[in-house]
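Novice: Here's the letter readout for the chains.
Number of protein chains: 2
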Amino acid sequence: MGGKPELLSRMAAGDGHGENSSYFDGWKAYDENPFDLHHNRGGVIQMGLAENQLSLDLIEEWSKNHPEASICTAEGASQFKRIANFQDYHGLPEFRQAMAQFMGQVRGWKATFDPDRVVMSGGATGAQETLAFCLANPGEAFLVPTPYYPGFDRDCCWRSGIKLLPIECHSSNDFRLTKEALVTAYERARSDGIVVKGILITNPSNPLGTTTDRATLAMLATFATEHRVHLICDEIYAGSVFVKPEFVSIAEVIEHDVPGADRDLIHIAYSLSKDFGLPGFRVGIVYSFNDAVVACARKMSSFGLVSSQTQHFLAKMLGDEEFMAMFLRESAARLAARNERFTAGLREVGIGCLRSNAGLFSWMDLRGMLRGEKTAEAELELWRVIVRKVKLNVSPGTSFHCREPGWFRVCHANMDDETMEVALDRIRVFVRQHQRQQAKAQRWAAKGQLHLSLQRHAGIASQYHALSSPMAALLSPRSPLVHAAS
Amino acid sequence: MGGKPELLSRMAAGDGHGENSSYFDGWKAYDENPFDLHHNRGGVIQMGLAENQLSLDLIEEWSKNHPEASICTAEGASQFKRIANFQDYHGLPEFRQAMAQFMGQVRGWKATFDPDRVVMSGGATGAQETLAFCLANPGEAFLVPTPYYPGFDRDCCWRSGIKLLPIECHSSNDFRLTKEALVTAYERARSDGIVVKGILITNPSNPLGTTTDRATLAMLATFATEHRVHLICDEIYAGSVFVKPEFVSIAEVIEHDVPGADRDLIHIAYSLSKDFGLPGFRVGIVYSFNDAVVACARKMSSFGLVSSQTQHFLAKMLGDEEFMAMFLRESAARLAARNERFTAGLREVGIGCLRSNAGLFSWMDLRGMLRGEKTAEAELELWRVIVRKVKLNVSPGTSFHCREPGWFRVCHANMDDETMEVALDRIRVFVRQHQRQQAKAQRWAAKGQLHLSLQRHAGIASQYHALSSPMAALLSPRSPLVHAAS
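If you're matching them up, the sequences are chains A and B in order. Take any residue in the first sequence, count from 1 to its spot, add 220: that is its number in the working numbering. Take any residue in the second sequence, count from 1 to its spot, add 220: that is its number in the working numbering.
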């Protein structure tokens with residue numbers, strides 16, 4: 221057969237699609253023993269999934285009140301034939317119109333969107349791949365500020381053959397992207413002989429849960445224009461900003477702040493998976509200000525069109541401006557309450573999170589809990605304990621390409637209040653136990669009882685080591701930590 | 221920006237996605253002046269779209285009788301949250317189960333399908349691309365019998381960078397694929413230094429409307445096994461076989477006829493777009509007997525998942541075995557009646573079609589109407605007249621890579637009976653006019669009035685030439701042919 225195809229081989233080697241990272245490994249632990257509030261309170265709680273379950277009841281209610289929005293109801297069946305048969309890759313005109321309107325609404329009407337630039341793709345996953353195919357050749361690169369969503373390695377690179385190169389950001393300034401860091405990454409790529417074709421940012425950031433400020437966006441638009449590189453803004457959490465500062469879209473910045481920006485270089489990825497909690501509906505959008513990219517992406521959308529059944533339903537819902545306003549308001553309030561409750565709960569035991577204003581997760585600082593040298597290995601060791609013993613599937617910072625060990629992304633919008641409280645209790649029990657053991661160790665050290673300390677410390681050490689193998693963790697009896705927490 | 225990305229440039233040049241072919245040009249004429257039975261009887265009738273509108277009423281009716289199948293009804297809303305939030309790329313278990321069952325049913329229960337091998341893709345378009353990415357590296361090739369679906373150039377090649385090489389088939393044996401033609405194509409590729417990774421067939425064939433016989437399928441499975449090349453069978457018209465001989469799936473052949481075939485080399489693409497007339501729903505399926513391909517394709521399905529709203533609906537419908545049996549029976553009867561009526565209508569004026577037993581189209585033989593040398597240019601000249609003057613958007617054989625000029629694919633399942641009769645009338649009027657002019661020319665020639673004949677012939681010639689430019693055709697007054705027919 222002329223050798224194994226490269227993509228099959230790369231998949232088998234776990235390269236290029238993030239599949240062998242701890243980000244995904246944690247899911248296995250969850251899949252094997254999922255928590256259930258009523259039937260398996262000792263199971264693993266899924267905190268690795270950036271999913272929004274907080275406001276789906278509003279959509280369900282709207283749906284029940286609008287049977288005409290579905291082609292599968294007596295009220296909507298007259299549209300069945302037209303919709304089922306619809307296959308134009310431009311999409312239903314009413315869907316593009318409603319989506320463009322909603323994209324303006326979710327950005328506070330501070331930028332306008334042209335329905336003719338709305339291109340469908342299979343989720344944000346497909347949107348990122350489409351842009352990679354459109355903007356770069358194999359071997360060329362996008363720069364991405366760290367930490368960043370690990371799925372980008374699959375979405376942008378796997379089949380297109382492009383590279384992602386990190387722009388290193390640090391906790392010292394709350395992981396904000398600076399021009400210095402950008403220039404450093406850009407120059408390093410050039411000196412390595414790599415053609416940089418774009419800068420890819422997520423705004424609001426996943427995993428940080430922070431929005432990019434206006435000045436930084438203006439800097440990026442200016443840099444892109446000066447250096448002839450594309451700027452791709454993943455804004456899939458635009459509708460999940462729950463406190464000030466308000467969200468600023470790149471669309472607003474090039475309309476009002478940097479009128480000299482070259483619009484041909486600016487592209488937005490959007491989706492309804494996060495803001496609405498509708499990942500199953502596979503709605504991804506490429507919105508480009510570049511005509512050639514719109515045309516090319518639209519041809520590519522043949523590979524990832526949104527089901528016309530779903531387009532039809534969403535056209536009606538997104539077009540209901542009043543409902544959308546209520547939804548965005550209520551969703552933000554619920555996200556704010558959830559975030560406040562979770563971070564306040566952690567503060568009780570001295571655990572901090574990066575101050576955030578958006579998203580479905582917290583960026584939790586466990587640097588103080590790393591054993592020994594603050595290395596990626598120490599982070600993974602702590603992560604294994606959290607997954608296998610504390611039974612929370614959180615995601616370690618290393619899987620987001622974060623260079624500073626000890627940060628964890630913890631999703632908390634994909635569960636009900638009660639489950640979130642169980643999760644919070646588990647973390648607090650774990651942290652307190654850790655604190656008690658540290659305090660003891662310090663007292664012993666202070667008393668000069670060093671040899672004793674080492675013996676006691678072995679209690680924690682053995683716990684850590686028993687879990688370095690996932691199989692060992694699986695075979696171990698149910699964790700007392702979990703019992704205490706549930 | 222380091223040069224324009226290759227895919228953008230290739231698109232602009234019209235390469236690799238069939239966009240500059242006459243197959244698509246005809247759509248423009250249709251889009252500019254679409255026929256409407258009540259409001260625009262002089263418009264262009266769309267006969268270039270292999271779409272099945274004949275039995276959608278049955279699905280609409282089923283849908284109305286099963287409100288619980290939709291998450292947007294009072295009866296189904298309890299499932300809304302679960303379904304909307306569902307994002308596992310394995311798909312809903314009930315969807316895969318129902319799809320596997322239906323794939324057996326549509327193949328007369330002569331082969332069984334394993335739900336765990338059912339992989340979703342965005343339509344058959346996505347299924348073909350997924351298989352290309354999984355099975356071959358850029359520059360490697362699949363062999364494809366001609367004539368073949370022009371979309372394959374986009375689906376298989378555009379983004380994956382693989383090549384399609386023709387296996388030339390001929391009208392002398394009704395375009396059947398022979399081992400000799402296959403070996404010739406295979407050897408030619410090898411002598412050109414191209415690595416052949418697979419053979420891609422459509423069974424039933426688009427554009428021929430014929431099924432592949434068991435012996436040919438056995439030959440292909442044996443050849444694939446002996447030469448270590450993959451065999452990809454596009455079976456998206458499996459449920460659109462309307463008369464005998466019955467459809468034989470490659471799944472049946474490797475189960476019963478060629479037990480020694482290497483199953484790791486066998487892959488099926490399926491879809492619900494054609495058999496059900498649901499192209500808007502974007503349901504494509506990769507079914508591979510190769511575990512590594514299933515695993516790789518499933519990862520890739522992230523780019524083209526089926527909307528969970530649609531999966532949920534279809535799981536219920538496909539799982540209704542009794543309804544499915546009725547649907548397949550009734551759909552076949554309607555397709556048979558439509559095909560019989562259309563081909564009989566053409567026979568009245570002496571126009572033949574390849575004898576077919578499947579599909580949504582006829583492969584019409586207009587070789588006798590080509591002017592002068594029987595060339596591809598003569599075919600395109602005739603095609604321009606048919607599109608611009610007769611106002612039927614049919615597809616010329618050249619766009620299907622057919623090497624024998626004069627064949628046209630004419631779709632007739634995407635319209636109601638009355639529209640089909642209008643189309644048929646237009647063809648008959650056109651053919652009769654052509655026949656009268658030919659007869660006159662022959663009489664004059666027989667009388668030795670050659671110079672007069674040439675003058676009169678100029679009447680047809682000028683009509684042809686006026687249409688060689690699409691703009692000229694657009695600006696010309698409404699065709700008398702159309703008036704006569706409508």
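Derived by calculation from the structure, the hints in this document are not laboratory data. Do not rely on the hints blindly, as some may be mistaken.
Unchecked claim - Interface residues of chain B toward chain A, partial, derived using beta-carbon atoms under 8 Å:
#	residue
1	228
2	307
3	498
4	590
As the list claims (entries may be wrong) - Result set (DSSO-like, lysine-lysine): computed pairs, CA atoms no more than 30 Å apart in a straight line:
#	chain 1	residue 1	chain 2	residue 2
5	A	248	B	383
6	B	383	A	519
7	A	301	B	594
8	B	383	B	594
9	B	464	B	301
10	A	284	B	284
For each residue, glycine too, the CB sits at the ideal point set by N, CA and C.
Novice: To test your reading of the hints: which numbers does this structure violate?
Specialist: Checked against the structure, the hints that fail are numbers 4, 5, 7, 9, while the rest are satisfied.
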